[in-house]
Amino acid sequence: MARFLVRRLLQVIPTLAALSVLLFVWLRALPGGPEVALLGERATPEARAAIRDRMGLDEPVLVQYAAYMRDLLRLDLGTSTQTRQPVLEEFLLRFPGTVELALAAMVIAVGVGIPLGYFAARRRGSLLDNLTVGGSMVGICTPIFFLAFVLKWVFGENLGWLPTIGRQSPGADATHITNMYVLDGILTQEWDAAWDAFLHLMLPAIAVASIPFAIIVRMTRASVLEVLGEDYVRTAEAKGLTHRVIRGRHVLRNALLPVVTAIGVLAGALLSGAVLTETVFAFNGIGLFVYNAIRNSDYPVLMGFIMFIAFTFVLVNLLVDISYSVIDPRVRVR
Amino acid sequence: MATQSPQRPLPPGPVGQWRGERIDRLAELAATPPDERGESLTRETLRRLRRSPMAIVGAVVVLMFVVIALVGPYVLPYPPTATVGLDQIRPGQIPGPSAEHWLGLDHLGRDEFSRMLFGARQTLLVGVVATLFGFSVGALIGGVAGAANSLGSRAGQWLDSVLMRFIDLLLAMPPLLLAFSVAAVLGRSLTAVMIAVGVAATPIFARLLRGSMIAQAHRDYVLAASALGVRRNRVVLGHIFPNSLAPVIVQATLTLATAIIEAAGLSFLGLGNPNTSIPEWGTMLAQAQDQLAVRPALAVYPAVAIIITALGFTLLGESMREALDPKLRR
Amino acid sequence: MTMVVERPTGRLLEVSELSVVFRRRGQRDVRAVDGVSFTVDSGEVVGLVGESGCGKSVTALAVTGLLPPRGVEVRGQARFGGADLLTLDPRTRRDLRGREIAMVFQDPISSLNPVVPIGVQVTEVLTRHRGMTLRAAKLEAADLLDRVGIPDPKRRLREYPHQLSGGMRQRAMIAMAVACQPRLLIADEPTTALDVTIQAQILELLKDLVRDSNTALIMITHDLGVVAGMCDTINVLYAGRVVESAERRALFAAPHHPYTVGLLGSIPRLDGVRGEPLYTIPGSVRDVLPWHEGCAFTPRCSRRVEQCVAGPPDLTQTPDRSYRCVNPELAPAVGTGVKAAS
Chain A
7 MARFLVRRLL QVIPTLAALS VLLFVWLRAL PGGPEVALLG ERATPEARAA
57 IRDRMGLDEP VLVQYAAYMR DLLRLDLGTS TQTRQPVLEE FLLRFPGTVE
107 LALAAMVIAV GVGIPLGYFA ARRRGSLLDN LTVGGSMVGI CTPIFFLAFV
157 LKWVFGENLG WLPTIGRQSP GADATHITNM YVLDGILTQE WDAAWDAFLH
207 LMLPAIAVAS IPFAIIVRMT RASVLEVLGE DYVRTAEAKG LTHRVIRGRH
257 VLRNALLPVV TAIGVLAGAL LSGAVLTETV FAFNGIGLFV YNAIRNSDYP
307 VLMGFIMFIA FTFVLVNLLV DISYSVIDPR VRVR
Chain B
9 MATQSPQRPL PPGPVGQWRG ERIDRLAELA ATPPDERGES LTRETLRRLR
59 RSPMAIVGAV VVLMFVVIAL VGPYVLPYPP TATVGLDQIR PGQIPGPSAE
109 HWLGLDHLGR DEFSRMLFGA RQTLLVGVVA TLFGFSVGAL IGGVAGAANS
159 LGSRAGQWLD SVLMRFIDLL LAMPPLLLAF SVAAVLGRSL TAVMIAVGVA
209 ATPIFARLLR GSMIAQAHRD YVLAASALGV RRNRVVLGHI FPNSLAPVIV
259 QATLTLATAI IEAAGLSFLG LGNPNTSIPE WGTMLAQAQD QLAVRPALAV
309 YPAVAIIITA LGFTLLGESM REALDPKLRR
Chain C
439 MTMVVERPTG RLLEVSELSV VFRRRGQRDV RAVDGVSFTV DSGEVVGLVG
489 ESGCGKSVTA LAVTGLLPPR GVEVRGQARF GGADLLTLDP RTRRDLRGRE
539 IAMVFQDPIS SLNPVVPIGV QVTEVLTRHR GMTLRAAKLE AADLLDRVGI
589 PDPKRRLREY PHQLSGGMRQ RAMIAMAVAC QPRLLIADEP TTALDVTIQA
639 QILELLKDLV RDSNTALIMI THDLGVVAGM CDTINVLYAG RVVESAERRA
689 LFAAPHHPYT VGLLGSIPRL DGVRGEPLYT IPGSVRDVLP WHEGCAFTPR
739 CSRRVEQCVA GPPDLTQTPD RSYRCVNPEL APAVGTGVKA AS
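Protein chains in written order, with the numbering used here: chain A, 7 to 340; chain B, 9 to 338; chain C, 439 to 780.
Certain hints may be false.
Stretch by stretch, here's where chain C covers chain A in the computed footprint (C-beta under 8 Å, at least three residues) [what the hints assert, rightly or not]:
#: 1; segment: 235-242
#: 2; segment: 254-262
Cβ-to-Cβ under 10 Å is the rule here; a few derived chain A residues that face chain C [said to hold, decoys possible]:
#: 3; residue: LEU81
#: 4; residue: THR248
#: 5; residue: ILE333
Stretch-level coverage of chain A by chain B, calculated; a stretch enters the list once three of its residues show a Cβ under 8 Å from a Cβ in chain B [what the hints assert, rightly or not]:
#: 6; segment: 198-210
#: 7; segment: 312-325
I should point out that these hints are in silico values taken from the structure, not numbers from a laboratory. Built from N, CA and C at the ideal position, the CB exists for glycine as well.
Input sequences plus hints: build the corresponding full structure.
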């Protein structure tokens, strides 16, 4: 097992290296050149010269790359042109909020999606099945920011059931430890703050959950359909086992295997969703920050973000890979 | 002899693997031999499609969309960029549907109905260009990789492996964020958006075509052709490539749908054409966000249009995929 | 360790006029089973023999209630222990399965859950039907695996199907089937997917288990060699109907139905004439007449007469067998299978 881990970690390195090269090229390909990108349009000629010097932009490419990698390895992602703070700091400040949002969305997508996919498969051809398949297709075909807006309008402004702005109500005085507001509220036992943050999480989480939900439902349904036709399910039936045992041990344990592998893809959908949703709800996570960065051409942030995503994805991939080998015994003997 | 059939060299992780597997599965379908009755795959697929309600609905929607896109610009009641009703715009008030303007006006006094009609063509253009781009570049890379692999030489395998590692890397990134990275470099224009979305679709086509070619390469008829002395190159070009078309068509249909949506997303993020006079549904939707307080319907029209169109393509694509799959005999 | 269980002797299963029709949208109805009748007594070994597609597996699935609920129409009766299995409510049927009626399937690698250890797949039958605690079930499971001839059973309990060889997997399946000492065991082509040497071992195992516990066995196979060694009574199926049913020796010594004659004649013999082409039944399974029009075997039969297409052949009952043929082969077959003396 340890050998497996080490091997996977080693495989990750060339991927990250390739990515860093791509970003290196990307930065230099930006319109106006990297100095404009990093400093903004209104930079003075001295500042530009200074950064040319610092980045060694007149040096040979390999030297530049070395300097770039040095900064990267020191986790120096530059400074935001909007806030004038180090990029990494800004990320670390806002990322927990998005994580909380993503987790909530994941819970919704999995908690509703898997049972729905399972029952749709069992009752294939029924109204439930057709609605489920149709609904999931509509979910994929709906731009998330539009869905966010509809949710906001219907449940927030019109029905007034749920708050639609920000992560907590104005004036709420809550202590923050992890910057995940619901978690913080629970940890500090400030139940009102936790509940308040939770309510604020609801609508954005539903919007972000839409695509992963659609994917999970379809995958589960397809997978369950395939498993239901397998011989070992017939054997389980021939043994006279109860529905519950067959469902849990024989059908789902096999059917959910591919769904687990899809979690990496889903993480991607969650992040994209967050970027598109947070602005509609003024939810102060990394998505909103990046949205503003795009609007304001804050390239250090954008570049840092891409690197940040890449790193996160590599990590998620690794975790999923490991968990897959734990779940599927056939994979282990490698 | 290249007896190993590596459906995929080791990708960097299961994310690429999952998306890759789905695509490989689709690719393998093209390699299915004709069924018992001797009917070719195409004919049987078409027969199943004719019976599938999903396919019919999808086809109808797509057809309607294409017709509107082609014909629409010639039957506009008003020019789409003309601010005909500017005088009727007051702060906080935009006129809704009326006899002269069936869908009302937009925030600059332009006829919404005309813009929607014209927008169909632009939106179709975005979808088609992005898909074509993704397909051509993807098919090129995938085709080269697949051919290199099928040729069986060491160098060929290596080339295939390198190309596929690169593709798997792209495949593992979320498409929206990949597209946004590309668009950021290319600057603010609709073309940039189209190309960016196309780039995001490239890995899928690459994977598909490569998988299709490899699946074919191990089919009996290919081995038979080889045994008969037909040169490998001719086998690849003359037989394998044409038979790989079916899953590509399926994927192209599905990609068209997601391309339109991703383009809308990119416009929302501010990456589209800053000059917003030329109507395109995605840009119109993104812009309408500013008018939500005053007239939310301005967002609803293009959104509904996008949803229905994307749905149509998706229904068509999914039903084609199901029709192609011999395992799904009902 | 043998187990002698007191079992009532007598008729255990009585299948009459069983028919199974598969209906699919847009396709013709498929009559997989078309009027099958046979009986099984306690402790008896009954063979269901026929080519692929003759309906033997479907018969078994219909009797145990394992056919899909939709798209299938089942008619007829299957009386087991006083009740008709085909009309039983699903819950009772589910209780019977695994406990009174058990099945062993053909392909052990696909018939076993790949992600669950073998031990669990055995204990789950025990906890379900015999109400055992998990601890007791594990002990019993190890014992069962030992009884079916799997070495080092305690270790095997924790292993997964892909870690076992083909023969061991099938033994494990058999262990799961006999775990609750069912009154009836149905084996659907249990050895077809295995090597020849392993085949013999598995068949021996089945024979021993069945004899020791007085379990009845329905042996479904296309292989006459298998039935010759094992079965007391043999039912030959063709196109979904039983065409001949006889006690083993009688069947092999003197097959009456032309199809049976053909089957036996197709077996190559060491004492046959060298250089002669091997005999096969002319035509193919597809050349078939629907039973309601006449005898389904007519297109391929060398003994066909006009009456064969006048209507379905009636059942002819004689002391040692029954058959459906208007022009049967009555002379004892020369040089087929078991000689009369043995």
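>> Next item in the hint list is THR248/A. Is there a CB on chain C closer than 10 Å to its CB?
In response: 7 Å, holds
> Holds or violated: the segment 254-262 of chain A covered by chain C, criterion of 3 or more residues with Cβ-Cβ distance under 8 Å?
Replying inline: holds (count 4)
> Does ILE333/A pass the interface check with chain C, least Cβ-Cβ distance below 10 Å?
Replying inline: 8 Å, holds
> Are 3 or more residues of the segment 198-210 of chain A near chain B, judged by a Cβ distance of less than 8 Å?
Replying inline: violated (count 0)
> Given LEU81/A as an interface hint, is the shortest Cβ-Cβ distance to chain C below 10 Å?
Replying inline: 41 Å, violated
>> Three residues or more, CB to CB closer than 8 Å: is that satisfied between the segment 235-242 of chain A and chain C?
In response: holds (count 6)
>> Is the listed coverage of the segment 312-325 of chain A by chain B valid when you require three or more residues with a beta carbon under 8 Å from a beta carbon of that chain?
In response: It holds, with 8 qualifying residues against the three required.
Figure legend: structure checked against the earlier numbered hints; hints not met, in rising order: 3 and 6.
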